[in-house]
Amino acid sequence: MLESAAPGGEDDLALLDAPGAVALTRLSAVDTVRARILLSVEHGLLAPETRLPSTATIAAGLEVSEMTARRALEELVADGVLVRKRGRGGGTFVTGSPPHRADAAVAAYRTDDRAIRHLIDQRMLMESAIMHAAALCATPEECDELDSYVAASEAAESWLEHHVPDSTFHRRCAAISALPEAPAYLATYDSLLRYFVPYPQDRLELGRSEHRGIVEAFRRRDAVGAVKITRAHVGALHREMFMALR
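Taken in order, the sequence shown gives residues 1197 to 1442; the numbers are from the numbering used here.
Be a bit skeptical, because a hint or two may be false.
[To be verified] With beta-carbon atoms standing in for the labels, derived distance ranges: (1) M1439 / D1386: 14 to 24 Å; (2) S1405 / A1440: 30 to 40 Å; (3) G1283 / A1252: 17 to 27 Å; (4) R1417 / G1287: 40 to 50 Å.
Source of the hints: derived by calculation from the structure; they are not laboratory data. Every residue gets a Cβ at the ideal spot worked out from N, C-alpha and C, and that includes glycine.
Using the sequences plus the hints, can you model the full thing?
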């Protein structure tokens, strides 16, 4: 865990180093997938007997290979957290009474609590600049494109399906801004994504509404309005990410 907030200490490294993590960087890709699903189960975000999406969807949502996702799911089945059901209506489900596991990968995620909070703050500063610049130059066609990603997110049946258009929305805003610092913003954004865990669809509507508000601000060339929405959108992560749900 990060211990010191003094200038030049490890907290500064968490702000400057894109991975922004201490324990997470030591985990394998399989471990990170297992931890993210376990955290969702532990906090009731994936309720008992919930059917998980396909392996391909999980892989895309967590930005790993299908082989990595498959291995993580197999481990969770072996641990009794998930169960495979065959036949019509089959698939991979959270078990009815998931066992509590003292999992080392989950512990690693919790250890990075302070680094996660720093990454959220860093993203808020950088994304505010991105949205301010994008609002001043977004074309009607680019706004229509952004609206299409919000619509795709609304049509998603799970967080894992929602993640792809949601992430694309932010990446396109960065491209539209044309800021030379956009790659640095995306490095921070991608680092924070590694800590997200699957959420129920009904808890995502506010974020989509904020995305719609950002696009409307772009259409009006309202840079201040776009930044106001962005600060609320990113700031909510301090309350909504897994480390705040204890």
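For each hint, the structure was consulted:
Look at M1439 against D1386: about 19 Å separates their beta carbons, and that is inside 14 to 24 Å. Roughly 21 Å separates the CB atoms of S1405 and A1440, a value that falls outside the hinted 30 to 40 Å. Evaluation of the 17 to 27 Å hint for G1283 and A1252 yields a pass: the beta carbon distance comes to about 20 Å. For the pair R1417 and G1287, the supplied restraint of 40 to 50 Å holds, since their beta-carbon distance comes to about 47 Å.
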